[in-house]
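Just so you know, the protein sequences line up as chains A and B, in that order. Taking this note's numbering, the leading residue of the first sequence gets 3, the next gets one more, and so forth. Taking this note's numbering, the leading residue of the second sequence gets 812, the next gets one more, and so forth.
For the record, the hints were derived by calculation from the structure and aren't laboratory data. Quick caveat, the model's predicted, so the values are computed rather than measured. Mixed in with the good hints, there may be bad ones.
[What the hints assert, rightly or not] With a straight-line Cα cutoff of 30 angstroms, these simulated DSBU-like cross-link-like pairs (lysine-lysine) come out: (1) A:Lys70 with B:Lys910; (2) A:Lys70 with B:Lys984; (3) A:Lys12 with B:Lys984; (4) B:Lys912 with A:Lys70; (5) B:Lys929 with A:Lys12; (6) B:Lys822 with B:Lys880; (7) B:Lys822 with A:Lys12; (8) B:Lys937 with A:Lys15; (9) B:Lys984 with B:Lys912; (10) B:Lys984 with B:Lys929; (11) B:Lys904 with A:Lys67; (12) A:Lys70 with A:Lys15; (13) A:Lys70 with B:Lys937; (14) B:Lys822 with B:Lys910; (15) A:Lys67 with B:Lys912; (16) B:Lys937 with B:Lys822; (17) A:Lys15 with B:Lys912; (18) B:Lys937 with A:Lys67; (19) B:Lys929 with A:Lys70; (20) B:Lys912 with B:Lys929.
[Unchecked claim] Per the computed footprint, the stretches of chain A lying under chain B, defined by three or more beta-carbons under 8 angstroms from a beta-carbon of chain B, are: (21) 37 to 44; (22) 67 to 74; (23) 84 to 93.
Just so it is clear, CB atoms sit at the ideal spot from N, CA and C, and this is done for glycine as well.
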Amino acid sequence: MGDAHMDISKHVKSYYRVFAALAVLTVVTVLVAQWHFSDAGNVIVALLIAAFKASLVAAIFMHLKWEKAPSIWWVLGICAIFFLALVMLPVLSTNDLPPQAQHGMWDVGPQVGGGH
Amino acid sequence: MSIAVLPYTVKPHPVTGVYSGKLGTWLFLASEVMLFGALFSAYVLLRVGAPAAGPAAWPSHEEAGLSWKIGGFNTLVLIVSSVTMVLAWASLKMNDFAKGKMYMGITVALALLFVIVKLFFEYIPKFQAHHTPSHNNFFALYFTMTGLHALHIIGGVIVISYFMFPGSSLWKKDPEYYTNRIECTGLYWHFVDLVWIFLFPVLYLM
């Protein structure tokens, strides 16, 4: 029990560190969005930060960092394959866009809209 | 008449290596990934397929009336609620039920704050401005994605509240089983936070 107590205490410290990282990264996400790199650049940077934040939540809060059971990794692996297939659908259908559509897959920058 | 007892609620199943509730929760979350994944996929398809100009054009954040300040505030609320949820589990692991219950209470309060902000600062003003789901593709997706997410928040509030009050009797009978159930609830709650981590930049910043 004493050892388990020690382990959990270590976990608790990592929870606070992850919380600080998530809060800082949320502010970074907002600041980066004010900066216009390029249409594709803004999307990629925002999604990379979101993916990093999500991986912190999954690894530490959801305990995947300490997860050793193959059954859970199998579930996650199969899920990842199907998820990738799902998000690839819009990419694969780029050539099927109507002619009046925006100019390309990544032309989704902040300036897109009525004022275009 | 004997009462059926669920096997492997505390000890790991010899085949899967984890207690059954945990594997079941991860299977459920995998199905949730596909549900939200399909909506994100639909968002990308409809956004890149929208005409560059005209009434069907994709609105900017200003035109849609979406404030990053409100979205950012709610992001921080959910992040804090994720920390309190995992601290509830950690407290139970350290045999401190009172502290665990307190953290669960804070999680529920933060979840309700999220819903109140969403309802009174976003949904109601949008409906008053006639920006309903039928207004255009953007609002159809905005309300579907955030509405489904909000339903998950409400579902989480119901489950956590159950474990705080009527379900807490399990702590006296079998503390390890109770702690495992809170871990599974936490997995679900962190997933709800994780979905919002993607919804925030996609809807409020891009």
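How the hints compare with the structure:
no.: 1; hint: A:Lys70 with B:Lys910; verdict: holds, 28 angstroms
no.: 2; hint: A:Lys70 with B:Lys984; verdict: holds, 29 angstroms
no.: 3; hint: A:Lys12 with B:Lys984; verdict: holds, 28 angstroms
no.: 4; hint: B:Lys912 with A:Lys70; verdict: holds, 28 angstroms
no.: 5; hint: B:Lys929 with A:Lys12; verdict: violated, 35 angstroms
no.: 6; hint: B:Lys822 with B:Lys880; verdict: violated, 45 angstroms
no.: 7; hint: B:Lys822 with A:Lys12; verdict: holds, 23 angstroms
no.: 8; hint: B:Lys937 with A:Lys15; verdict: violated, 41 angstroms
no.: 9; hint: B:Lys984 with B:Lys912; verdict: holds, 16 angstroms
no.: 10; hint: B:Lys984 with B:Lys929; verdict: violated, 39 angstroms
no.: 11; hint: B:Lys904 with A:Lys67; verdict: holds, 18 angstroms
no.: 12; hint: A:Lys70 with A:Lys15; verdict: holds, 21 angstroms
no.: 13; hint: A:Lys70 with B:Lys937; verdict: violated, 46 angstroms
no.: 14; hint: B:Lys822 with B:Lys910; verdict: holds, 25 angstroms
no.: 15; hint: A:Lys67 with B:Lys912; verdict: holds, 26 angstroms
no.: 16; hint: B:Lys937 with B:Lys822; verdict: violated, 50 angstroms
no.: 17; hint: A:Lys15 with B:Lys912; verdict: holds, 20 angstroms
no.: 18; hint: B:Lys937 with A:Lys67; verdict: violated, 41 angstroms
no.: 19; hint: B:Lys929 with A:Lys70; verdict: violated, 38 angstroms
no.: 20; hint: B:Lys912 with B:Lys929; verdict: holds, 26 angstroms
no.: 21; hint: 37 to 44; verdict: violated (count 1)
no.: 22; hint: 67 to 74; verdict: holds (count 5)
no.: 23; hint: 84 to 93; verdict: holds (count 6)
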